[in-house]
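The task is to assemble the complex, starting from two chains supplied on their own in separate frames and drawing on the hints.
Letter by letter, the chains look like this.
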Amino acid sequence: MKIVVLLKMVPDVVEELEVAADGKSLDAEFLRMILSERDSHALEEGLLLKERHGGTLMVVAPEAPEVDDALYTALAKGADRAVKIPLSTPHSSRASAAQLGKGLPAVPDLLPADLILTGCQAIDDLDGMTAPLLAHDWKLPYLGLVTSISVNADGKTACVTKEYSGGTHGEFEVPLPAVLGVQAAEQPPRYVPVSKVRAAMKTGMIETVELQESGAVPSVEILAMAKPEDAEHAEMLEGSPEQLADKISEILTAHGVV
Amino acid sequence: MGIARLDPELTCEITLENLFERREGQRVLTCLQCGTCAATCPYGEQMDYPARRIISMMRAGLLDEVYASDSLLACVACYACKAKCPRKIDLTGVLLPLIKEQVLLRRRDLPAELQKALETTLRYGNPMGETSRKREAWIKDAGVPVRTFHSDPRPADVLWFVECYDSYYPRGQKIAQATARVFHALGIDFAILGNEEKCAGECGRLSWETGLSNTLMEYNMAILGKYQFNRIVTSGPHAYDAFKYRYPVIGFRYPLEHTLTLLAQHLDRLKPLLIKKLDYTVTYHDSCCLSRHNSFYEEPRALLNAIPGVRLVEMTHNRINTLCCGGGGGGMWLDTYYKAKGYERLSERRIKEALATGANVLAIACDYEFSRFEDALKVVGGDKQMVVRDITELLDESMER
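So the protein sequences, as listed, match chains Z and X. Count the first sequence with the working numbering and you get residues 1 to 258, in order. Count the second sequence with the working numbering and you get residues 1 to 401, in order.
Chain X on its own, in the form it takes in the complex (with noise of 0.2 angstroms):
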């Protein structure tokens, strides 16, 4: 297994301080004050500082504004103002992490909601604050042998890195046994780290945390050097993201990919596997990680339209211009704080778009999804009307023998 060292120019860290000293960092001087970022923001609206705004008063040096201001706790870490930016500045991914970490080291209070989540992740390696003996309890119904590292530490094709909703929530669980018996059916030789795993800890990052977000790297990094594989399988677009963007940082990269686009790449011998007829309509939400971030808008769609009977119709918003389901950026814990402070769940103005193409399946691809938009069904009453189903439900369901 081969761990690459970065060149030194990409391994150092980039901070406020010498942020104008770097690439991305000139990117933001050259910011034409267009306000596409606001506009494109989903919760933009709602703050008093958005990215156009926090740019501005960067150049005027009236940050300690922007630090006492709570605009950034509404930042679902989207990428809609990176990627709509005319000047290509990764608001996203480089600047706003910056300004929240200021602002999360001079808040006095965060929202409880959050604050459980931080810390119950630095503790127990998840949101859910539950115990990591628990981590790979799934396994045991998945139907299909499932292979921990530690119990056998052989040498394996891909490690599949599971995360926390799919690892922890009952209906996350039946999305990763649906993965297991898809990855099974294909005789992909695959291991996982099962107990041993915590968050790869992209929400670390983009939920303000930069020191849990280094810890909790540097714990995974050991355990994977532990053991030899060739690549890194998630089924979580932003474990993807961390791996992707966040562990060559601090110094390892292995080839990646995500849970679809490695069955993308076996669509020749997983469709003669799918011969189970569903009949459905289906919508799939771009997520902002996956597809905007990462532009996979076609691997997904192509899996879901080599499931025999599937109709594929597609929302208003699709593809880069995807509307967040609002989990991003620490949102995942800050559904009470939107609701107090009298804020769209995000996922409920989704969710209307979905019921409003008729479909009655919303397909999804991230793990944060099935809880968001499945709760956001009974909220606005078209739980009747539709279910949710991550891809890899349908590929398993169409497999069925």
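This is chain Z alone, in the form it adopts within the complex (with noise of 0.2 angstroms):
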């Protein structure tokens, strides 16, 4: 079967991030980026795919800081084949999802695929639309909040599991191809030994593709960005343990609990 994962580089939160002067945008100074996690679970659920199925894994990912060792290493985990698309608006999830949606089917050997798995959700896209409007575009059968994928014998459909609120989940029958967003993958993501990264690195093996220019392209303006604001703390109890229980049982009771 042929999978392909979408991947993306999102801001990394352990660096502290800082409002540009601009008051809309990440200052660059100290920005890094790094493979949004939920991307690195849908490589890992690919990988398993690949692994019980046999076929190609492909890797697209626009162009980033840092891409290319998010892309050397899926190359290391057991990835076939990495593609980097430079995008003319690299860092808005919904504008690179059109531009994407328009182009990759362009892209030779890349569509149509059995399966392309991309994170449901990134933390610059919380409402998770990378997948649908992928989906729309291509006219494909799309599931978001996946967590985990079985092909079933005729190739033809996959049983997915899809995550609901409270602890929920739902099975789905799906026809293929489908999109579909992973939420986490059957097991957490797989350790690659640094050596095989950086024999993947001396391969070069990552290509470079151009998408037609593609018109306008829908897109969300920023108009300001800010750090939150604390709210409300918790509070600390102090006093005995007698006296502490009567103030946990006045709380409880003002909130109406007991």
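What the hints contain is simulated information worked out from the structure, not anything from laboratory work. A few of these clues could be false.
[Claimed, not checked] As a list, the in silico DSBU-like pairs of lysine-lysine whose alpha-carbon atoms are at most 30 angstroms apart:
#	chain 1	residue 1	chain 2	residue 2
1	X	Lys140	Z	Lys50
2	X	Lys339	Z	Lys227
3	X	Lys116	Z	Lys196
[Unchecked claim] Here are the in silico distance ranges between beta carbons for each label pair:
#	chain 1	residue 1	chain 2	residue 2	range
4	X	Glu24	Z	Leu126	22 to 30 angstroms
5	X	Arg106	Z	Gly166	57 to 65 angstroms
6	X	Arg106	Z	Val209	32 to 40 angstroms
7	Z	Ala199	X	Gly35	33 to 41 angstroms
8	Z	Ala234	X	Asn305	46 to 54 angstroms
9	X	Arg87	Z	Thr203	36 to 44 angstroms
10	Z	Pro86	X	Gly187	22 to 30 angstroms
11	Z	Pro188	X	Ala137	45 to 53 angstroms
12	X	Asp189	Z	Pro65	37 to 45 angstroms
[As the list claims (entries may be wrong)] Facing chain X, from chain Z, some residues (calculated, C-beta under 8 angstroms):
#	residue
13	Ala20
14	Val194
15	Val220
We treat Cβ as the ideally placed atom computed from N, Cα and C, and that holds for glycine.
Next up, the structure:
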């Protein structure tokens, strides 16, 4: 089977993010980019499916700082091909989804694929629009918040588990090809020894493919960006065990819990 | 600053393939199968394949069985087997890391803690996963000026390689600050790499990851190459090992000291500064790397004996017989795994021995140990009797005006 996993880089929150002087973007001075965590789960799920069913796995990512490291790591983990796409609006999920949706079908030997996987959301795309927008453009079925994928013996359908709030989940049979937004792979993303990544780097196997101009792309304009303000804090209770028990009882009663 | 290139014999990496063509590898062939290595190993009882059996399996061509077992996850790289081997086979430094690397290349999963530590060390240069921008944050509360090369690149006598745990852990930062004050009091001309520094890479290799170790070494060599200094001084015995044994393999060697060996050289000038009497009964934990691996047994004790009021008492296992704290070889990031396996934490085994001396201070010399032993004290209920202090902290306390 043929699997395409779309990856993207997001700001690394370990580096303290600062708002730039324009008040509507991140300060680039100390900004580092890291592979979106959900996308690393999409890649893991893709690798598991490739191991089970054979076939090829291709990773595609918009050009971004440090994206080469992420792509070489994907190759070291078992991806067969890595494609990097320079985009005119690399840090806007909605615009890049529109560009990828229009442009990716023209990339040689990439689409159609049996499964197109990506993270169900990203820290800069919390409403998780990338996968549904691509499915819409390509007229394919879409499911998000996916936690397991099992391809049926006929190779034409897959049984997909999707998570809902409150600890419930649903199982769907999905005709292939399909676009799936992965929430979590069946196992944590695997470790790949650095020596394997370094070996992948020596092969220099990343292709760069320029997309054809797709005209105006819909985008969301950022008007302002600000750090979250401190809201309510936790209240520390003090006193003897008996006094504490009384206080807890009062609080629970006041909030109608008991 | 001289960067010495070594002769080609030393700069060639030993691999499992060329092992038996090399001096260290040929020693493996002389193994007597006496089992001293397995008996002296702190986790020998837990291993399906302790060092003796690994050599036996190697000879029988059955290493795949060793690779498939998780025996070597219990190797804390404490150098006990190497130190006791009657044939002087370098098990800890050469053979076991080569086998560990093959285990890593074949394993589908690593214990989550270890995986995270390796990934964050690659990305951020420290196993805590902290931004490199905070690496020198401890400086501002040191109480004395601490020069970073990136802000003031003038040559210095000493490049002090602070390492991760003393840079980031609040408890470790106190040790870094004490060390800075002691250096300052002695008039040592030093500077640090600060935010440019990354993990020296020793634990990468001993905890399986040659590729990670090489990446970190290449990075640090490039940074070190920018500045002029006469010697590297490090507070980390693991970093000491990296600079002593690993960096020469990639072609670089600097004159090298551990913080305590440097201070011991200044003992005559140090003694008059140690004025405050410390009424402590102290027992000293020999760190595996500094003591057993590099034989610095007396320097730390000489420093402790120079402090007025200090009474030094020895634990049953001292010097070459020291008991590992359990942090080496990746053990720092395998506590949860060991607990799940039902292994005793080695730091708890050691702290019970320390408490049995009746001492009220456990003196340490390794940047892995404060967190391991302070945790162990709380677990065994000894934190009312004993505190853990780095030797530089005790020196600093005795200097207080």
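How the hints compare with the structure:
1. Lys140/X x Lys50/Z: Not satisfied, since the Cα-Cα distance of roughly 52 angstroms exceeds 30 angstroms.
2. Lys339/X x Lys227/Z: Since the Cα atoms of Lys339/X and Lys227/Z sit roughly 40 angstroms apart, the hinted pair is violated (cutoff 30 angstroms).
3. Lys116/X x Lys196/Z: 17 angstroms, holds
4. Glu24/X x Leu126/Z: 22 to 30 angstroms: 55 angstroms, violated
5. Arg106/X x Gly166/Z: 57 to 65 angstroms: Violated, since Arg106/X and Gly166/Z (Cβ atoms, about 41 angstroms apart) do not stay within the stated range.
6. Arg106/X x Val209/Z: 32 to 40 angstroms: 35 angstroms, holds
7. Ala199/Z x Gly35/X: 33 to 41 angstroms: 38 angstroms, holds
8. Ala234/Z x Asn305/X: 46 to 54 angstroms: 49 angstroms, holds
9. Arg87/X x Thr203/Z: 36 to 44 angstroms: Taking Cβ atoms as reference, Arg87/X and Thr203/Z lie about 41 angstroms apart, which means the hint holds.
10. Pro86/Z x Gly187/X: 22 to 30 angstroms: Violated, at about 56 angstroms.
11. Pro188/Z x Ala137/X: 45 to 53 angstroms: Hint violated: Cβ distance 31 angstroms, outside 45 to 53 angstroms.
12. Asp189/X x Pro65/Z: 37 to 45 angstroms: Given about 38 angstroms between the Cβ atoms, the range holds.
13. Ala20: 17 angstroms, violated
14. Val194: At about 3 angstroms, which falls below the 8 angstroms cut-off, the nearest Cβ of chain X leaves the hint on Val194/Z intact, so it holds.
15. Val220: Because about 29 angstroms separates Val220/Z from the closest Cβ in chain X, which is outside the 8 angstroms limit, the hint is violated.
Comparing the model with each earlier hint shows violations of hints 1, 2, 4, 5, 10, 11, 13 and 15; every other hint is respected.
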